[in-house]
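For the sequence shown, counting from 1, position 284 maps to 284 in the UniProt record's numbering; every step adds exactly one.
To be clear, the hints were calculated from the coordinates, so they are not data collected in a lab. Idealized CB from N, CA, C, for every residue including glycine. One thing to keep in mind: the hints can contain errors.
What the hints assert, rightly or not - Below 30 Å or equal to it, Euclidean Cα-Cα: the simulated DSS-like pairs (lysine-lysine) are: (1) Lys269 to Lys233; (2) Lys233 to Lys278; (3) Lys299 to Lys278; (4) Lys269 to Lys299; (5) Lys269 to Lys91; (6) Lys233 to Lys299.
Said to hold, decoys possible - If you anchor each label on the Cβ, the simulated ranges turn out as follows: (7) Ser161 to Thr138: 18 to 28 Å; (8) Ala182 to Arg206: 41 to 51 Å; (9) Gly286 to Ser175: 29 to 39 Å; (10) Lys233 to Asp295: 10 to 20 Å; (11) Arg184 to Pro153: 33 to 43 Å; (12) Ala273 to Glu95: 17 to 27 Å.
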Amino acid sequence: MEPRSQMTPNPRRLSTSILEPVMSLASQSPAISNPFAPLCTPVPRPDTDDSSSTPSSSASPSPSEPPSHSSTAMAASAAASASKNPFPTPKLRLEIRDLNHAGATAFLATTTASTLLQDAIANVLRLLYSTPSTPDTTAPPTRSVTVILRAMPGVAYTTGSDLDADHKEIHFSLSYIAGIPADRRTAEITGVLTHELVHCYQWNARGTCPGGLIEGVADWVRLRCRLSPPHWKRETDGRWDGGYQHTAYFLDYLERRFGDGTVRRLNEKLRTAQYHEKAFWTELLGRPVDQLWGDYADKVRDDETVIVNKDDISDDDVRLGLRDGAAAVEGTLDGQDAR
1 MEPRSQMTPN
11 PRRLSTSILE
21 PVMSLASQSP
31 AISNPFAPLC
41 TPVPRPDTDD
51 SSSTPSSSAS
61 PSPSEPPSHS
71 STAMAASAAA
81 SASKNPFPTP
91 KLRLEIRDLN
101 HAGATAFLAT
111 TTASTLLQDA
121 IANVLRLLYS
131 TPSTPDTTAP
141 PTRSVTVILR
151 AMPGVAYTTG
161 SDLDADHKEI
171 HFSLSYIAGI
181 PADRRTAEIT
191 GVLTHELVHC
201 YQWNARGTCP
211 GGLIEGVADW
221 VRLRCRLSPP
231 HWKRETDGRW
241 DGGYQHTAYF
251 LDYLERRFGD
261 GTVRRLNEKL
271 RTAQYHEKAF
281 WTELLGRPVD
291 QLWGDYADKV
301 RDDETVIVNK
311 DDISDDDVRL
321 GLRDGAAAVE
331 GTLDGQDAR
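Using the sequences and the hints given, assemble the complete structure.
Here's what the structure looks like:
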């Protein structure tokens, strides 16, 4: 969880409204073009309307389920996932506190903010909610999201604005953006903002949900959007609610085991009542979370054993007819054998 630095005024301020582009610049800073499109693919835009959201939390330098992937492959999968957004789009704003900062140059050179944010919101809502007309899930009334790029420690965090909790602010570190390798910049910016946008739309059990679960849901959405960084991996040490990708992979296991919509139902349950661990998980999935975590740990160990066995298959084994066995191993690794 990143430190929440105090906001410091800066005379060099750029304030832009993404949906209604207006620029006002207090200092004489050079104009910077925005030539590249982001990873996410365009989503049909509903009529814009002031609508808004819920909890706040911080993002971490998050990372990937597929251990490696090209920008082209990620763009294609984002295209397939975003498809259509039936939910109202909140007012979107971008504020850059220092146009001369290297992070601002990097952001503007690799990101079309309006497209990125609208597509990321569409993915968040698709994964956490059904549709506005379906009564089984209820999205919070987030009315505006302002992305503030400024020099600060850490990576990013989300908070309610001074106006009210339905207006969200995402503070994103220019220093962090400047340090992202060029070949990872678009993917990482998209991944961090997707994580933070989850905090604009998820429920938190009326303030009683463990922080690790809040962060785990945010990174699960990032994982499902194929925006995880290369260093992410499944880990079973510690508790299930260690947060971020540690919990995200556990939630992904539950989604595969109990079916699509499991995390969506979890999020909806966080809307309707306070969080009490034993009752929450037993009512949701029929067993305590510690038992589910143990099942997940067994699954990860089994998969690691399969990987070792696959590596032990020699060319002679293949020639002797064990090729089908290797194929079966690959099928297991593809996640078809969830407990």
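Structure-based check of each hint:
Between lysine 269 and lysine 233 the CA atoms are separated by roughly 28 Å; this keeps the pair inside 30 Å, and the hint holds. A distance of roughly 27 Å separates the Cα atoms of lysine 233 and lysine 278; the hinted pair therefore holds under the 30 Å criterion. Restraint check for lysine 299 and lysine 278: the C-alpha separation of about 22 Å stays at or below 30 Å, so the hint holds. A distance of roughly 26 Å separates the Cα atoms of lysine 269 and lysine 299; the hinted pair therefore holds under the 30 Å criterion.
A threshold of 30 Å between alpha carbons decides the hint, and for lysine 269 with lysine 91 the separation of about 27 Å falls inside it, so the pair holds. For the proposed pair lysine 233 and lysine 299, the alpha carbon gap of about 14 Å is at most 30 Å, so the pair holds. Under the hint 18 to 28 Å, the C-beta atoms of serine 161 and threonine 138, about 22 Å apart, fit the expected range. In this structure the hint that alanine 182 and arginine 206 lie 41 to 51 Å apart at CB holds, the actual value being about 43 Å.
At about 46 Å, the beta-carbon gap between glycine 286 and serine 175 misses the expected band of 29 to 39 Å. Separated by about 19 Å at the C-beta atoms, lysine 233 and aspartate 295 satisfy the suggested range of 10 to 20 Å. In this structure the supplied range 33 to 43 Å is violated for arginine 184 paired with proline 153, their Cβ-Cβ distance being about 20 Å. Hint check: alanine 273 to glutamate 95, Cβ distance near 36 Å, so the stated range 17 to 27 Å is violated.
In summary, the structure is inconsistent with hints 9, 11, 12 from the numbered list given earlier, while agreeing with the others.
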